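Work out the full structure: start from the sequences and follow the hints.
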Amino acid sequence: MAIGLHSGRPMLDVWSRAPRAIRRVAFFCGSLCVLLPALAGAQTTTVTAVWDPSPPSEQVSTYEVCIGTASRSCNVKTATVSAAQTSYVFAPPPGQMVYVSVRAVNSKGPGNYSAEQTFSIPSISALTNKSTLLNSLISPINFAVSDPDGSPLTFTHTGLPLGVTMNPNTGQITGTPTNAGTYNVTIFVNDGLTTVSRSFVWTVTAGVTTDRTPPTLTITSHTSGLVVTSASQTIRGTATDSGRGGSGITTVRVNGQAASGGAASGNNTANWSRTITLNSGSNTVSVEAVDSAGNVQMQQITLQLATSGSSGTTTGGGGSASSGGSTSGGGSTTGGGTAGGGTSTSSGPLMITALTSNLTSPQAEGTSITFTVAARGGRAPYQFKWLVFDGSSWTVVRNWSSAATHTWRPTNRGTYQVAVWARDSTTTADVNNVKASLPFRVNKSTVSSSSTTTTTAPPPVSAPSSPVSSPTPTSGPLMAVSLTSNLAAPQAPGTSITFTAVATGGTGPYQFKWLIFDGTSWTVARDWSSLSSYTWRPTSPGGNRIAFWVRDSTTTADVSTVNTSIPYRIKKTGS
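Sequential numbering of the sequence shown, starting at 0, is according to numbering that gives the first Met the number 0.
Just so you know, not all the hints are guaranteed correct.
With beta-carbon atoms standing in for the labels, derived distance ranges [stated by the list, open to error]:
| # | residue 1 | residue 2 | range |
| --- | --- | --- | --- |
| 1 | 394 | 92 | 54 to 60 Å |
| 2 | 572 | 481 | 27 to 33 Å |
| 3 | 501 | 438 | 15 to 21 Å |
| 4 | 398 | 438 | 38 to 44 Å |
| 5 | 529 | 72 | 50 to 56 Å |
| 6 | 69 | 416 | 28 to 34 Å |
| 7 | 444 | 394 | 19 to 25 Å |
| 8 | 416 | 233 | 32 to 38 Å |
| 9 | 553 | 501 | 18 to 24 Å |
| 10 | 278 | 71 | 23 to 29 Å |
| 11 | 444 | 553 | 31 to 37 Å |
| 12 | 79 | 199 | 39 to 45 Å |
| 13 | 79 | 553 | 40 to 46 Å |
These are calculated hints, taken from the structure and not from any lab test.
Please read these numbers as outputs of a predicted model, since none were measured by experiment.
Glycine is no exception: its CB is placed at the ideal position from the N, C-alpha and C atoms.
Now the structure itself:
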């Protein structure tokens, strides 16, 4: 930091950093920068203010650090440190805007304060312990979070009971607990700079309910595998609890949205329907029927929305079609061909399973960073489109091609988003309905600079000779990302169905434990191993749940603090 004399007093100036709206991982370092650790404890974290040293010619004796919840208020802390110290650690109040500036002092008195750095860290309100009934649909659970600088928030968790899930964007918890026990739940909230957490105890008790049998659900329109040309489609069917507990149907949801006519009392039948909008290519439609005891029955079908580039024609409204076969509704359809001219088989909807970089954020300007995308499902071959967001606008850095990697060499410091779109052979449209993105911060390159002192006015503050960067981000807590199957439900008894688990965070390698719930009890299908896939061959019809537990190398206990599950129905043979 170059500090000169002005009216006999030292002056301090700093860079202005990027607008708050694009802050994702940490502040950019200028002459004053504020760094936060990647993971903080429950509602406590420390922050380090860092600035450039003054040259000896300025004869600075001390620095004064002003920390407040309003501009120049210094109402949190005014700290004086020696001239040999160019950093100060403090604990900011959670959930409030914090203003930080620094000034130099010599024998003539203090200089002007630097330009302020502003930020906030999230605050989660205190959580109360929960107690719910086994196999009963819970009321949605929400959390009060404050982060006034407006940074996007991401919610994760450990320890939720099997059968309930958390929305990563809102933190809302929904679902039906399917396993009794006491669960130590921790909620994590990350604002792109730091992670804070709160914990509570969730007790799931057996209660007095005796109805544990899911209702009957039938989809009458459409048939799985149908190819359509209109994006708007109405999904219809019936649901009843007749002979399966008699509690009545409370709701039917299509892709998470309530269907009309989705309620019926006692043993009556609900005739439900819901109009949805399809995306180009393969679409998975999930339907759930819930009875008043909280039992859930789920079915999935796959619909293909043809595009102008598709080679097949659509079926009639009630017909079904297989790749290359004829339909009952008139017309025929052909599946997308493989390189060898055959018909490719879809393993479910196209999805991006991973987007990674060979170097961790942050990196210096001019560094070559290679990003790699992994995808599955749909119909091969795949194409990818690569984009970069600089905080103001998106730029296409590579248009559609088969390249699953892209090497990026940023020339300016800042916080970026690197994104990839994916499409399979059934799609030629320039659409982004299958996409993923990754935040990446670029620091100013380490370049030594010399400063010149004048006797009239202070020169501009220079960049740190060795810029301080934020700690290398951790991968965060271990969490279950997804659980998918290669065949959509329902399937007939005797079918081999492969389930695949994806986890992230923690410390590798991972171990997985697989379990199956038959509507009455859980059975361990495979004990702890490194296998992230499990092939199940059911022998009888009924509603089931498939679950996996995951632990990392720091854990050897037989615990289910990180888990997820999905429903899966086995239909009667011939139905």
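Outcome of the hint check:
1. A hinted range of 54 to 60 Å is violated for the C-beta pair residue 394 and residue 92, which are about 38 Å apart.
2. One distance hint, 27 to 33 Å for the beta-carbon pair residue 572 and residue 481, holds here, with the actual separation near 30 Å.
3. The hinted window of 15 to 21 Å between residue 501 and residue 438 holds, with their beta carbons roughly 20 Å apart.
4. For the pair residue 398 and residue 438, the supplied restraint of 38 to 44 Å is violated, since their beta-carbon distance comes to about 23 Å.
5. Distance hint check: the CB atoms of residue 529 and residue 72 are about 55 Å apart, consistent with the given range 50 to 56 Å.
6. Between residue 69 and residue 416 the C-beta distance comes to about 32 Å, which sits within the given range of 28 to 34 Å.
7. In this structure, residue 444 and residue 394 meet the distance hint of 19 to 25 Å, their C-beta atoms being roughly 21 Å apart.
8. Between residue 416 and residue 233 the Cβ separation comes to about 37 Å, which falls inside the hinted range of 32 to 38 Å.
9. Distance hint check: the CB atoms of residue 553 and residue 501 are about 19 Å apart, consistent with the given range 18 to 24 Å.
10. In this structure the supplied range 23 to 29 Å is violated for residue 278 paired with residue 71, their Cβ-Cβ distance being about 51 Å.
11. In this structure, residue 444 and residue 553 meet the distance hint of 31 to 37 Å, their C-beta atoms being roughly 36 Å apart.
12. The hint said 39 to 45 Å for the Cβ distance between residue 79 and residue 199, and at roughly 41 Å that hint holds.
13. In this structure the supplied range 40 to 46 Å holds for residue 79 paired with residue 553, their Cβ-Cβ distance being about 42 Å.
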